[in-house]
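> As a plain string of letters, each chain reads:
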Amino acid sequence: MAFESLSDRMSSIFRKLRGQARLTEANMDEMLREIRTALLEADVNFKVVKEFTTKVRDEAIGQEVLKKVSPGQMFVKIVHDEIVTLLGADQCELTFVAHRPTFIMMVGLQGSGKTTTAGKLARLMKRKLAKRVLLVAGDVYRPAAIDQLQTIARQLDVEFFSMGTSVSPVEIATKAMQKATEEKFDAVIFDTAGRLQIDENLMQELVNIENAVHPDEELLLMDAMAGQEAVNVARAFHEKLRITGMIMSKLDGDSRGGAALSIKHLTGIPIKYIGVGEKLEDLEIFYPERMADRILGMGDVVSLVEKVQEEVDEKSVRKTASKMMSGTFDLNDMLAQMEQIRRLGPLGKILKMIPGMPKITDEDQEKANIQLKKTKAIIQSMTPKERKNPDILKSSRKQRIAKGSGTDVQDINKLLNQFDQMKKMMKEMPAMAKKYEKR
Amino acid sequence: MGLFKYLKEKMFGKSVSQKEKYIAGLDKSKRNFSDRLKALTARYNKVDDSYFDELEEILIEADVGVRLSDEILDATKKEAMLRKEDNPTNINEILVDKMFVSYASQGDDIQTEIHFAESGPTVLLVVGVNGVGKTTTIAKLAYRYIKQGKKVLLVAGDTFRAGATEQLTIWAERLHCAIVKGKENQDPASVIYDGMVEGKKTQCDLIICDTAGRLQNKINLMNELAKMKRVITKEIENAPHEIFLILDATTGQNGVLQAKAFKECTSLTGVIITKMDGTSKGGILLSIRDELGIPVRFIGLGEKMEDLEEFDLDQYLYGLCIGKEEEA
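One line per chain: the protein sequences are A and B, in this order. As numbered in my numbering, residues 1 to 439 make up the first sequence, in order. As numbered in my numbering, residues 1001 to 1328 make up the second sequence, in order.
Just chain A, same shape as in the assembly:
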């Protein structure tokens, strides 16, 4: 089946290459091919893939492989970092001008999400940047486009300006700018009709608007699902107009969004925001790291690998494991284990790094963190003897621990229950392992 994850495919190659000390042309060949397929399946443009893989290979050749990682992991890391560098170069947010309204124009193909994103931007500017925004309906062609923007403006309680469908967009833009200047708005967001980059009349219309009002920002909307042609579309818009940035929409889907890499590589247009849902609050700042992971289809495996290698003390893990197997697991080990997890960072962040994990809300994360803290406090309020042998915990000891950790006896009982369950499971593990061996 297509779209097997890159990590799955790479892992078989990883195995073959284990133990090699350097990245060489020979051991990189197969990996390069997999990277190439991964990038193409992510809709990165063919030519960009070609240039990119060549560049990466030249850079990677001869690099020494770090002790703890396999050459494959090392290589993916290099590719990943290269994508991040490319995507992140001259990244920037919106710029505002002082003393007059900032004029922002939205452009793009039909259905790329201009109107919705115009609304999202208006919300962001109003709520987060405290700007007074005028939303302007410049799409006079698509039926009900004006209604759509007006509804959004009403939902946001943002001022709305339209002149109907019988006035040219150039005039609408001019009048809107006049109104915004007179009434001291901070910014104008001008929605335009979707158009093909080869439609000369409609492209000229945008140029005319540009000449009439000199927009400060011209944002190109790009659908995250766009294929190979995306780069030609972006290039055409960029050549005719003065595009200042790109917003990638529909990134809440499962497309890999390779167009972002192609367009950035070939035109240098910076990516400013990403759309991650249909609701008006679903607009986020662009993070090159996340995008690189997504394009490579590896979740955040790359950074997880890094983190695990940095933080997890192998010795202590081995000790816990052997204790688990021999059945002498105690509360000290439970604490040590939790410490290991905690050192990796907030739980939510770790879960996010694992591909295919469902999104957990901030609320859930917060709960998990509080629980972790509580457990730690309880165990640390115990004497070494108690930690080794929790069976001696009777009610007076429990009351003391509760006081010491700022919890109550119930919490301690809950923890002891959990611990018993864990221990039981671990006792069964060696037996289970033997059973499997026999088969």
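These are computed hints drawn from the structure, not numbers from a lab.
Here are the simulated lysine to aspartate or glutamate pairs, DMTMM-like style, with alpha carbons at most 20 Å apart: (1) B:Lys1151 to B:Glu1198; (2) A:Lys50 to B:Glu1057; (3) A:Lys77 to A:Glu64; (4) B:Lys1183 to A:Asp147; (5) A:Lys50 to B:Asp1049; (6) A:Lys279 to B:Glu1184; (7) B:Lys1304 to A:Asp199; (8) A:Lys50 to B:Glu1056; (9) A:Lys279 to B:Asp1187.
Remember, predicted model here, so these are calculated numbers, not experimental data.
Knowing the structure of chain A, use the given hints to seat chain B on it.
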């Protein structure tokens, strides 16, 4: 006889206006593709590996996808070897031949027009991700079947996106066509229900149901769609008779995932590719057919209501690979 020649001869028999519209519409799409094929042919006297590499590039840049491109090329190579063929022009013919076979040999028979029920209203459910052109395509379909003398009813099942109902209403007015509407954020299934009742009452021939755009990985939205389908089936036996996935020609490899998810949720009967008047080649349609067997029924070639054509594989490949210039 090679398919290449076959295509040319077949096209010769087609009505001039139909052919011209198709070729004109696909002109920008195919310009790159066929020009590049020709330029490539001119550069090579004999075919070698680098020739095939360049063919691969052309296919992949048409969004055909890595896996299918390689499959088609492997088949082409094999046949070329068998026939001891190393003339670029002939190789190109084999390539087009393989593309044709790859499409034609998968899945169901190719029938483009809507299958009408023998009695009672025929129901068409239109689905797809956001911004692919569902509402516009519905208007085009309505126009097409009204012109064929059918009584058409539109159901505005997109109660989520701001302005969606208004957009379909404007089209209904232009088409002088009946429409059933709901309120903003009303459960779309209930609007669909009203549509079915109305359609039966007024004895419509064709009920076309619009739905809100949804990304295929949103499980609750896909469940909502499944519910709409159940409501339709409950009201009208054997309905919906047709379920069309609308797909933007600019879509890349995600198109296959879209088709797969929508197929699982609603058992699609066809795909309509929109925005084929742009520069995208829509090569993803070959992958969708290859992996899921779903045929393309119509293609959209512009923003006006008459800009919808039946999908014709011969013409698609012809327009893509051969183009206008060679006709003379």
